[in-house]
Amino acid sequence: MPKRTAYKNSKEPKERKDKKRKMEASKTIQHEIGGVQNDALRFGLNGVKSDLVGSHPFQSAYESAKKTQEEMRRKVLANTYGTALPLKMDLDRQILSRFQRPLLPSSMLGLEALTGTLDDFGFEDYLNDPQESETVRPLDLHHSMEVRLGLSKGPVCPSFM
Numbered sequence: 002m003p004k005r006t007a008y009k010n011s012k013e014p015k016e017r018k019d020k021k022r023k024m025e026a027s028k029t030i031q032h033e034i035g036g037v038q039n040d041a042l043r044f045g046l047n048g049v050k051s052d053l054v055g056s057h058p059f060q061s062a063y064e065s066a067k068k069t070q071e072e073m074r075r076k077v078l079a080n081t082y083g084t085a086l087p088l089k090m091d092l093d094r095q096i097l098s099r100f101q102r103p104l105l106p107s108s109m110l111g112l113e114a115l116t117g118t119l120d121d122f123g124f125e126d127y128l129n130d131p132q133e134s135e136t137v138r139p140l141d142l143h144h145s146m147e148v149r150l151g152l153s154k155g156p157v158c159p160s161f162m
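For what it's worth, the working numbering labels the leading residue of the sequence shown as 2, then goes sequentially.
Just so you know, the hints here were simulated from the structure itself, not pulled from any lab data. It cannot be assumed that every hint is accurate.
[As the list claims (entries may be wrong)] Mimicking BS3-like on lysine-lysine, the simulated pairs with C-alpha atoms at most 25 Å apart in a straight line are:
no. : residue 1 : residue 2
1   : Lys89     : Lys68
2   : Lys89     : Lys67
3   : Lys76     : Lys89
Here the structure is a predicted model, which means the values were calculated and not measured.
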């Protein structure tokens, strides 16, 4: 068995460095408030718990099953009605998923009707909606327009108090 040698142009050391950087980055806690946006008066203080909590394992399985179901539906529609129908449905989805208003959140009723999720009743429908919370800061129309026009960085909606 030939002996392995490390070359300068080998990808193996670079991959190891990338993995090492990712592992170190996951262990550190960012000290800036919200990463890029560091305006505490406008965006509020960021909590450590919100940075550390991940999604539930069932949620990832549910999302992947939903994705495969949508792919199968597209294949059936393409085989039945031709390839133009799935393309038209994609265009409709892109049009309906655009954010229409600069400040107020949209219910995306047309998109829900198109995708068939209008009749779904999930956790987000009966649990507390963060937008309806009493601790949400008032919305700033000027800042949201600055973000939309690319004049300012940060989220359109400010964080919680």
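Structure-based check of each hint:
1. Lys89 - Lys68: Answer holds: Lys89 to Lys68 is near 19 Å, not above 25 Å.
2. Lys89 - Lys67: holds (20 Å)
3. Lys76 - Lys89: holds (14 Å)
Comparing the model with each numbered hint stated earlier shows that all of them hold.
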